Structures are given as C-alpha cells and as structure tokens.
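This is what each chain is made of:
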Amino acid sequence: MKKFMNSADDFLKESLQGFGAAHQDIVNCHYDPNFITRATPTKEGKVALISGGGSGHEPMHGGLVGYGMLDAACPGFVFSSPTPDQMLAAAEKVDSGAGVLFIVKNYSGDVMNFQMAAEMMQGPNESVLTNDDVAVEDSSFTTGRRGVAATVVVEKIVGSLAEHGGSLQECKALGDKVNKNSGSMGVAFSSCTVPAAGKPNFDIGDDEMEFGVGIHGEPGRRRDKMKSAQDITNELLEAINEDLKPEANEEILLFVNGMGGTPLTELYLIYDNAKNMLDKKNIKISRSLVGNYCTSLEMQGASITLTKLDEELLKHWDSSVHTAAMRWGV
Amino acid sequence: MSVNFLIHRAKEIQAVIDANASEIEKLDQEIGDGDHIFNVQRGIKLVIELEAVIKDLPMSKALNQIAMKVLSGIGGSSGALFGTLFMTMAKGNDIDNGVDYKKAIEIFADGVEAVKQRGKADVGEKTMMDVLIPVSNCLKKGVEDNKHVKEILNEAIEVAEKGMFSTKDLLATKGRASFLGERAKGHIDPGARSSQLMIKTVCESVLNS
Chain A
1 MKKFMNSADD
11 FLKESLQGFG
21 AAHQDIVNCH
31 YDPNFITRAT
41 PTKEGKVALI
51 SGGGSGHEPM
61 HGGLVGYGML
71 DAACPGFVFS
81 SPTPDQMLAA
91 AEKVDSGAGV
101 LFIVKNYSGD
111 VMNFQMAAEM
121 MQGPNESVLT
131 NDDVAVEDSS
141 FTTGRRGVAA
151 TVVVEKIVGS
161 LAEHGGSLQE
171 CKALGDKVNK
181 NSGSMGVAFS
191 SCTVPAAGKP
201 NFDIGDDEME
211 FGVGIHGEPG
221 RRRDKMKSAQ
231 DITNELLEAI
241 NEDLKPEANE
251 EILLFVNGMG
261 GTPLTELYLI
271 YDNAKNMLDK
281 KNIKISRSLV
291 GNYCTSLEMQ
301 GASITLTKLD
311 EELLKHWDSS
321 VHTAAMRWGV
Chain B
1001 MSVNFLIHRA
1011 KEIQAVIDAN
1021 ASEIEKLDQE
1031 IGDGDHIFNV
1041 QRGIKLVIEL
1051 EAVIKDLPMS
1061 KALNQIAMKV
1071 LSGIGGSSGA
1081 LFGTLFMTMA
1091 KGNDIDNGVD
1101 YKKAIEIFAD
1111 GVEAVKQRGK
1121 ADVGEKTMMD
1131 VLIPVSNCLK
1141 KGVEDNKHVK
1151 EILNEAIEVA
1161 EKGMFSTKDL
1171 LATKGRASFL
1181 GERAKGHIDP
1191 GARSSQLMIK
1201 TVCESVLNS
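Taken in order, these protein sequences are the chains called A and B. Residue numbers for the first sequence follow this note's numbering, so the first one is 1 and each next one is one higher. Residue numbers for the second sequence follow this note's numbering, so the first one is 1001 and each next one is one higher.
Among the clues, some could well be false.
[Claimed, not checked] Here are some, though not all, of the chain A residues that point toward chain B, as calculated from beta-carbon distances under 7 angstroms:
1. 80
2. 108
3. 112
4. 113
5. 116
6. 118
7. 276
[Unchecked claim] The calculated lysine-lysine pairs, modelled on DSSO-like cross-linking and capped at a C-alpha distance of 27 angstroms, are:
8. A:93 <-> B:1061
9. B:1185 <-> B:1120
10. B:1026 <-> B:1055
11. A:13 <-> B:1045
12. A:199 <-> B:1026
13. B:1141 <-> B:1103
14. A:46 <-> A:93
15. A:245 <-> A:177
16. A:180 <-> B:1120
17. B:1162 <-> B:1141
18. B:1091 <-> B:1045
19. A:13 <-> A:308
20. A:281 <-> A:177
21. A:199 <-> B:1185
22. B:1120 <-> A:177
23. A:308 <-> A:275
24. B:1140 <-> B:1091
25. A:245 <-> A:281
[As the list claims (entries may be wrong)] Quick list of simulated restraints, FRET-style, between CB atoms:
26. B:1117 <-> A:263: 42 to 48 angstroms
27. B:1137 <-> A:281: 52 to 58 angstroms
28. A:320 <-> B:1015: 55 to 61 angstroms
29. B:1048 <-> A:21: 33 to 39 angstroms
30. B:1117 <-> A:230: 43 to 49 angstroms
31. A:222 <-> B:1045: 39 to 45 angstroms
32. B:1161 <-> A:5: 41 to 47 angstroms
33. A:137 <-> B:1030: 21 to 27 angstroms
34. B:1147 <-> A:167: 38 to 44 angstroms
35. A:165 <-> B:1015: 56 to 62 angstroms
36. A:21 <-> B:1162: 53 to 59 angstroms
Calculated from the structure, these hints are not laboratory results. Bear in mind the structure is a predicted one, so any value in this text is a computation, not a measurement. Each residue gets a CB set at the ideal place from its N, CA and C atoms; glycine is no exception.
With these hints in hand, go ahead and build the complete structure from the sequences.
Here it is as structure tokens:
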C-alpha cells in the first residue's frame, strides 16, 4: 500500500483538518464527534440539509457543504457509516427551527445509523433515501439498490429549494423525485485500499473490469474483460436507460463521475462517447457535470448518472451554489 | 439483574470472546471482511470501561449509557444493531425498581425484536439473528410455561448452539457474506458464533451462581 498518510489512526483527522483549513471561508470542521457545517449559521426558517456517509468518497459529502447545498455533513471512518451522535450534534448546530432533512445513501450501515438519529431527534425531521444504482437489486452492503453518485444531484437540487424557502415536506418530496428521476451505473478497472486494512478491497486482473461496481469496490453485475471506451459507455447507458426509460426529446443531465483514480482526460472522453449514443437516441442533454464527485479512494473507474430534468429541476440545478467542490452563479 | 450484574457478565464475556478470538476471526475471514472480532472486542471493552460511570446509576440510565457507547464506539451496522438492543432494553417498564429474571427475559426479548426490525433480518438468513431470535422465543416460552429458571437457561444454551450450527448450511442473504452466494455455504456465521458464546456465558454464569 502506498498512501499519503502518517498513521492509519490519524488519517481521517488530518484530512478533515486540512479540508477545514483550506476552505475556511466556506466550512467549519467540528471534532469528537466529527461533523462539518457551513462557516455561517443557518438562516432562520431555512430547512437544514444534513448528509453523511463513510469517508473515502470525497468531495462527497463535506465538499458539498455550503450555500445552495448542504448545511452539514457527517463523515464516518473510511467506508464506515457515521454514527447517530455525529448526526445529532450536527442537527443541533444547524437546525434553525424549520426542521432537518437527512439525505442518506441506501447502504445498510448508513440507513440504520441515520434511522436511529432520526428517532432520537427531538425536532421535526425527514429523510431522503437515494438508491440510483441500477446495477444490482441487492448488494453485499445493502437491501435494495445502492445509493451512489445521484446523491450529489439530489443534494444540489434540494439544496436550492431549501435555500429558496422550501418547507421540510417540499424538500423531502423534491429529493424523492430527483432520486426517482435518476439512474447510475459504474465500472472499475482497479481496486481501492482502505488505510486501516492496508490491502486492496478486491483482486482484479490487468485485463479485467468490474461491471456495475459499487462505491466501495463491492461487486456489481459481472467481471468482464476490458473493452473499448465506447463499448463500456454504451453498456452503462443501456443499463441505465432500461431502468430510467428516458423518452426521445426528453431533457436530461449527463453526469460523468470519476471514482478517484481515473484522469479527467478519460472522463471527458466518456462524456463524448456518451453524447454519441444519447444523440442517436434523440435524448437531449441539457445539462452536464464531469469530474470526481462521488469517489472510492484511489479506485480507477467511472460512473454515469442520468437525471431526467423538468422545469422545476432545471431551475434548481442552475441556481447559485458555493461549496468547496461545486461553485457556480456566485 | 443489577447494573453490577451487567458489568460482571461483560467481564466474563470478554474472557470467553478473547479465548475464542482466533476461531471467530477465521470464520469471518472465510465469509466476511475480517473485522467482526475486532468490533466485538472493542464493544465489550468500551462497556467494561463504563463501570465507574454507570455502577451507581439506575438500570434504565445505565443501559442507555451502554447503548450510546456501543453505538458511537463500534459504529457501522454492528454498532447500530447492538445499540438498538440496549436502547430498547433501557426503555423497559419499571426497570429502575428491580429486574427479576422474568423482567430480564421480557426486556431482552423486546430488544431482540427491535434488532430484528432495525436490521430487517429474520431467522434463516445466516446472521446472528439465527441465534438471538430462537433464544428469545425459548426464554419467553419458558416463562409462559412456568418452567424453573434453571431449566429455561439450560434450554436457551442448547437453542443458541443449535441456531449457531444452523448457519453453517444456510445461504447468506444479508450482510457482507451475501455476495458469496453458494460459496458461503459450509461456514458458520461469525456473528452467530459470537452471540452464541455471549448467551452461553451469561446463562452459565447465572446457573452457577
């Protein structure tokens, strides 16, 4: 294992400290329990959005805390769910009285821990559970489909609604809608190594890829031999389209997400190849996002997310956002 | 059952788990990701370390402290499941005015039911529920049938062992063993083994007291 680290025990703490210091104009990092909030307090009457999950998926979720997106994020240890004490401390800090919306990826540990936090919380709260991964119905970490990169899209769009005065129920409903309008699938060329484990999560041959991989390197649909980028892209999109069924002339967001170890050069190449295929099907790409947003440590690989956009979603996608990882309109 | 009872059982469980640590670790390496024994040992250690804080507290507060410690200290799914067990037990009716064996069985059974709901796992899915659910049912039935406490506990020890061995031939549909499919067959679930050992330790300790 080669990693920039001093000790496995301090890995998360030092990374959080660096993140907090580098973006002190946007966020505040709190420790024991660990959570990240905006540098400024929640506006009175604004619904507070809190997300979280295991670390190792950066910039998700800490990098998505800021104006127009999350109010707080709770990072667990690498690939391990955060715990209710973190969510409760974060909620106490950012709840302005209008309630808290938890945005949770459908992974068993995350679901159970957020559920417990919601039960223990005194004030009004709701949860949106993302499950956009079309690869598998049940994985080694979940019951039902996994929540992956579309979580970023949910956080952007619901974040905008909350910023513009949406109520807790409206935010919850919009979150569910964005999730339902989204489908994702990923592929991995290499494994990733959890610092505390010290060895790769799985073995994969030089000429192999894991098709439909999850964001911890957990297995997907099948192990395949390497193929051309266009073939891989076509297969990912076919799987998503089969599930999402976008109609001709329907407007979509095309989101090409890097898993951490694949260069932007290749992510843009995937974007080009995806556009080729979607153009042929007359599906209208009206918005785009390309980059490393929902990563799996140093894993080489990428995922594609499509989100069907209507006027409401478009408006909230376009509105201003100012976070460490996403910034436009400001 | 007193707070002191809980602390002493935790210490006995620690000794038994430590003595069987390599076996449990091996089971987990075969079908899991190898961290189960580490989580269990850490959880027990955290509970024992609470001794000074909880020893003079009423039962409900002590159980709640244990729940929060396990929840935040173990983390992940295991923390949530064991946290749920203790948190539910802490909510038991009137437990600050003394807990006899019938009350202890009642709150344990409520706890197991809550864990079942939380993890959405039932008997037959190759998890610790294959031990906890039959044991809980056996204890409740024993009280209903007015059996002697010694008889109930002896049966519980047997039922726990049977449940643990039953996981050997099951396919996993929950937890990390599930992606192994047929490959997980023939291996005892490590969570079933560790919970069977804990139940055996507590039951034997009461029987020998």
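Cross-check of the supplied hints:
1. 80: Since chain B brings a Cβ to about 5 angstroms from residue 80 (chain A), closer than 7 angstroms, the hint holds.
2. 108: OK, holds: residue 108 (chain A) within 7 angstroms of chain B, min 5 angstroms.
3. 112: For residue 112 (chain A), the interface hint holds, since the closest Cβ of chain B sits about 4 angstroms away, which is under 7 angstroms.
4. 113: holds, 5 angstroms
5. 116: holds, 6 angstroms
6. 118: violated, 12 angstroms
7. 276: The hint is violated - residue 276 (chain A) has no Cβ within 7 angstroms of chain B, the shortest such distance being about 34 angstroms.
8. A:93 <-> B:1061: Since the Cα atoms of residue 93 (chain A) and residue 1061 (chain B) sit roughly 25 angstroms apart, the hinted pair holds (cutoff 27 angstroms).
9. B:1185 <-> B:1120: With a Cα-Cα distance of about 21 angstroms, the restraint between residue 1185 (chain B) and residue 1120 (chain B) holds, given a limit of 27 angstroms.
10. B:1026 <-> B:1055: violated, 35 angstroms
11. A:13 <-> B:1045: This hinted pair holds, its Cα atoms lying about 23 angstroms apart.
12. A:199 <-> B:1026: holds, 17 angstroms
13. B:1141 <-> B:1103: holds, 14 angstroms
14. A:46 <-> A:93: holds, 13 angstroms
15. A:245 <-> A:177: Holds, at about 15 angstroms.
16. A:180 <-> B:1120: holds, 23 angstroms
17. B:1162 <-> B:1141: Cα-Cα ~17 angstroms, so holds.
18. B:1091 <-> B:1045: It holds: about 23 angstroms lies between the C-alpha atoms, which stays within 27 angstroms.
19. A:13 <-> A:308: violated, 38 angstroms
20. A:281 <-> A:177: holds, 24 angstroms
21. A:199 <-> B:1185: Satisfied, since the Cα-Cα distance of roughly 25 angstroms is no more than 27 angstroms.
22. B:1120 <-> A:177: holds, 25 angstroms
23. A:308 <-> A:275: Status holds; Cα separation ~15 angstroms.
24. B:1140 <-> B:1091: holds, 18 angstroms
25. A:245 <-> A:281: Roughly 11 angstroms separates the two Cα atoms, so the pair holds.
26. B:1117 <-> A:263: 42 to 48 angstroms: Because 45 angstroms falls inside the window, the suggested range holds.
27. B:1137 <-> A:281: 52 to 58 angstroms: With a Cβ separation near 55 angstroms, residue 1137 (chain B) and residue 281 (chain A) satisfy 52 to 58 angstroms, so the hint holds.
28. A:320 <-> B:1015: 55 to 61 angstroms: holds, 60 angstroms
29. B:1048 <-> A:21: 33 to 39 angstroms: holds, 37 angstroms
30. B:1117 <-> A:230: 43 to 49 angstroms: holds, 47 angstroms
31. A:222 <-> B:1045: 39 to 45 angstroms: holds, 42 angstroms
32. B:1161 <-> A:5: 41 to 47 angstroms: holds, 43 angstroms
33. A:137 <-> B:1030: 21 to 27 angstroms: holds, 25 angstroms
34. B:1147 <-> A:167: 38 to 44 angstroms: violated, 55 angstroms
35. A:165 <-> B:1015: 56 to 62 angstroms: Cβ of residue 165 (chain A) to Cβ of residue 1015 (chain B): about 59 angstroms, so the range 56 to 62 angstroms holds.
36. A:21 <-> B:1162: 53 to 59 angstroms: holds, 56 angstroms
In this structure, the hints that do not hold are numbers 6, 7, 10, 19, 34, in rising order.
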